[in-house]
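S.K.: Note that the protein sequences, when read in sequence, are chains B and Z. With our numbering, the residue at position 120 of the first sequence is 120, and numbering never jumps. With our numbering, the residue at position 221 of the second sequence is 221, and numbering never jumps.
If you are wondering where the hints come from, they were derived from the structure by calculation, not from laboratory data. The structure presented is a predicted model; accordingly, all values stated were derived computationally and were not measured. Here a beta-carbon is modelled for each residue, glycine too, at the ideal position from N, C-alpha and C. Mixed in with the good hints, there may be bad ones.
As the list claims (entries may be wrong) - To give an idea of the chain Z side of the interface with chain B (calculated C-beta under 7 Å), a few residues:
#1 Ser86
#2 Val87
#3 Tyr95
#4 Leu97
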Amino acid sequence: MRLIPKEIETLWTLFTAPVVWAAHFLVCYIGAALYCAKPELIGLSFSAVRAGIAAVTLIALSLIALSAWLAWRQWGFGRDDPPHDDPTRRDRTLFQGFATLLLSGLSFIAVIFTAMPALFLTECIR
Amino acid sequence: MGQYFSLSAASLSLASGFAGARSVLEPAGAEAQQIAILFWIMLSGGAVIWLGVLGVLLHSALFNRRRLAEKSASRIILWGGVVFPSVTLCVLLAYALWLMPGLRPFAQAGAAGLRIEITGRQFWWEVVYRPAQGPPVASANEVRLPVGERVEFTLKSADVIHSFWIPPLGGKMDMIPGRTNRLSLLATKPGIFRGPCAEYCGTSHALMAFSAVAMEPEAFRSWLAAQAIPAEGAGASGGALFLRHGCGSCHFVAGTDARGLIGPDLSHLGSRATVGAGILPNTEDAVARFIARSELIKPGSRMPAFDMLPPDDIRAIAAWLRGLQ
């Protein structure tokens, strides 16, 4: 069994990082909203909610980092400079790799920004 | 003499209630202080970045027009266009989030010594002081609070959405029908501030304001004690006219038979900095004008104009109300 996925050519890999970002966003916001609306339903302390957000964030960042590494590999580890705009299979692959890498960077920062309130807020606003 | 007195009272309240601090940038409270610092940091940081960008633009357009190699151009884009903005935004976000618990100190129930319950109404403010000891004290269109002591505001609305804001102290916080919002403020300097309604609430929204008075704690306590008992002039002759013309069916005046709860409590009207919910100086003339032509001064309010009353009666009622210190 291989740890690092094989290089495949599909448009779906382009969306991996933004999808992780979206899922992380939903888990954080829905989790915090549920807890603050009905603390007794979940039965945890606010610190537990913060720890949960921290764990989800670490998982999300790792997945995005993996997606970024795969994109970097697809981009040929940066051996060629953009723009990859020749109508060839090779340039299409490199372009997709580069675009995926940039999207991974954006998603990485966005996940950090989404999680940052949990660093500072210690209670629900009632 | 009376003329002179009302004139000087008018100029006094004009000077203190209207020209007084109403800006977030003249902070007199702990929360507003933090907001002002945040503003200055954002402003100066933004100015530095703007000058920097403009400098680079001028430099490349006027002094250094040679083409950059693709490699170094990409490096500039990476550091100047990606790394620098991301780090700057990250730091700013962290700073703002770090401020938040301090700006919204949702004191635990009972942590604040004084709770003030404020209900927004079209177009005035019902105010009830609930001190830790002693009976609740009702008032309207003026909020007084002790300097150096945290006060918790309980904010409600009786009709539409209003918003409570004392810019030099902190806030703002919406008042939403069916909900109770809480806000706590700590005044650090004495003064008179203007608090506007900060959420459009109808025809006279722009005319819905109040004066906020931050007082030394001792002065505040004796003021509150005086507010808890009927004003001295309550029994004077103008009070009979007030009742005879039906004013008491909407307004409450402690120590009299006026027990209405529809309009603002007028028990100590004379001691307030403004009348008509923060829009007129507290003078006999202003009170008389408000009684006679309320629909002109405050369009859309529920108070009918009483210009059918004899002018002398209006004048006597105004004088009596002004006497309720």
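S.K.: Run every hint past the structure and note whether it holds.
M.R.: Against the structure, the hints:
Taken as an interface hint, Ser86 of chain Z checks out: its beta carbon lies about 5 Å from the nearest beta carbon of chain B, inside 7 Å. For Val87 of chain Z, the suggested interface contact is broken, since its CB lies about 10 Å from the closest CB of chain B, more than 7 Å. Residue-level restraint check for Tyr95 of chain Z is violated (minimum Cβ-Cβ distance to chain B is 10 Å; threshold 7 Å). Here the hint on Leu97 of chain Z is kept, as its CB sits about 4 Å from the closest CB of chain B, short of 7 Å.
This entry does not satisfy hints 2, 3, going by the numbered hints stated previously.
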